[in-house]
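Participant: Chain A is fixed; fit chain B onto it per the hints.
Sequences listed follow chains A and B, in order.
This note's numbering numbers the first residue of the first sequence as 1 and each following residue consecutively.
This note's numbering numbers the first residue of the second sequence as 1 and each following residue consecutively.
These are computed hints drawn from the structure, not numbers from a lab.
This list has only true hints and no planted wrong ones.
Which copy is meant is left open, so a pair is good if it fits within one copy or across any two.
Below, computed lysine-lysine pairings styled on DSS-like, alpha-carbon distance capped at 30 Å: (1) Lys61 to Lys28; (2) Lys156 to Lys28; (3) Lys168 to Lys156; (4) Lys68 to Lys28; (5) Lys156 to Lys61.
Chain by chain, the residues run as shown.
There are 2 protein chains.
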Amino acid sequence: MDKTTSGGFDLSYRRASEVRWQAHDLTKAVRAETLGQRPGVLWFTGLSGAGKSTIANLVEKKLFALGKHTYLLDGDNVRHGLNRDLGFTSEDRTENIRRIAEVAKLFADAGLIVLCAFIAPFRSERELARDLLEEGEFVEIFVDAPLAVAEARDPKGLYKKARAGLLKDFTGIDSPYEIPSNPELHLRTELLPPEELADAVVEHLRHHGRLG
Amino acid sequence: MDKTTSGGFDLSYRRASEVRWQAHDLTKAVRAETLGQRPGVLWFTGLSGAGKSTIANLVEKKLFALGKHTYLLDGDNVRHGLNRDLGFTSEDRTENIRRIAEVAKLFADAGLIVLCAFIAPFRSERELARDLLEEGEFVEIFVDAPLAVAEARDPKGLYKKARAGLLKDFTGIDSPYEIPSNPELHLRTELLPPEELADAVVEHLRHHGRLG
Numbered sequence: 001m002d003k004t005t006s007g008g009f010d011l012s013y014r015r016a017s018e019v020r021w022q023a024h025d026l027t028k029a030v031r032a033e034t035l036g037q038r039p040g041v042l043w044f045t046g047l048s049g050a051g052k053s054t055i056a057n058l059v060e061k062k063l064f065a066l067g068k069h070t071y072l073l074d075g076d077n078v079r080h081g082l083n084r085d086l087g088f089t090s091e092d093r094t095e096n097i098r099r100i101a102e103v104a105k106l107f108a109d110a111g112l113i114v115l116c117a118f119i120a121p122f123r124s125e126r127e128l129a130r131d132l133l134e135e136g137e138f139v140e141i142f143v144d145a146p147l148a149v150a151e152a153r154d155p156k157g158l159y160k161k162a163r164a165g166l167l168k169d170f171t172g173i174d175s176p177y178e179i180p181s182n183p184e185l186h187l188r189t190e191l192l193p194p195e196e197l198a199d200a201v202v203e204h205l206r207h208h209g210r211l212g
Numbered sequence: 001m002d003k004t005t006s007g008g009f010d011l012s013y014r015r016a017s018e019v020r021w022q023a024h025d026l027t028k029a030v031r032a033e034t035l036g037q038r039p040g041v042l043w044f045t046g047l048s049g050a051g052k053s054t055i056a057n058l059v060e061k062k063l064f065a066l067g068k069h070t071y072l073l074d075g076d077n078v079r080h081g082l083n084r085d086l087g088f089t090s091e092d093r094t095e096n097i098r099r100i101a102e103v104a105k106l107f108a109d110a111g112l113i114v115l116c117a118f119i120a121p122f123r124s125e126r127e128l129a130r131d132l133l134e135e136g137e138f139v140e141i142f143v144d145a146p147l148a149v150a151e152a153r154d155p156k157g158l159y160k161k162a163r164a165g166l167l168k169d170f171t172g173i174d175s176p177y178e179i180p181s182n183p184e185l186h187l188r189t190e191l192l193p194p195e196e197l198a199d200a201v202v203e204h205l206r207h208h209g210r211l212g
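Just chain A, with the same shape it has in the complex (with noise of 0.2 Å):
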């Protein structure tokens, strides 16, 4: 078969919208526009098990239902994919937040809210995801839970893997959290059930004017 283009294709589906837009480029501005909402990084930080993923997942879904566009970036779709070659020795996390924060930026770029779930524990790492973006485009999401409130929860069992010494560096155990100083939310997961704080996470969008 012959795949080699030719003319006479059927162009009756040319618009004037086409025409307005042939002039312009497609910068993030146009493209957030277009979606009706100001793209951004939401990172969701904190210990394993202080709730991130939970929370997260319930803001995807309560800003779906408001219409925006999103996208979640999370273990599951990072460390089995892009990140797949990355181990956990220190300079492996860095990296692993410094790709991550570069592809929420191209997500960004697109117009889409990006809610990132990743403990992301030291204060350097999280910085540098921050410079990468405009100005309040990135909100740092504290998703705060004791120590002993989350390895009480252990949803994967790590906890106890690292308490048993079969988990090197594990955030809290043998490796540091460093607490965020000026996080844009603080969400005490001790206190307040899941739905509460995903609220207070799509009000706090809604009153910096980011869902358009």
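Facilitator: Here is chain B on its own, set in the frame of chain A:
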């Protein structure tokens, strides 16, 4: 300022649609339906100077005019960000394409139509990208110009540098370009103008039901 959240948020924005969606996971299919398109990756491959970026940019504007949601990955937004740590050794070039393919997969998962404009000279790299995606999602577009034509265009002056020995392993000069054996589209840029070739790409997507 105490940023700890508590109750009492304005929940007046809750709508029936929110309740309706709460039970659903935000799958690729749900996102795609909302955006009115089938997500996918259009990979423009070919020599430097063949016309990849020119045509990809035109296609993106045409898709935008049709109300489609797209994103363009190219050297400009990848080499200086996500892949800034990579050079041009054979190993690094393969890693460059692998990461781009993984990011394209994430964008497709978000429901977008992703345009990738990269030389990707090796069949194995392009197959890797194709294999990451679902059947029918990867559209390989061979942007074909004879080396002499591409070299005469030399939009970035790279052939000149390569001929002078300043660039090593330059595709078409001292590194091979493996011609696609079965691309979905074969565009011959020395025969037809970019506008017409871009229309052919859009028409291909329409014909295959990818524009909703």
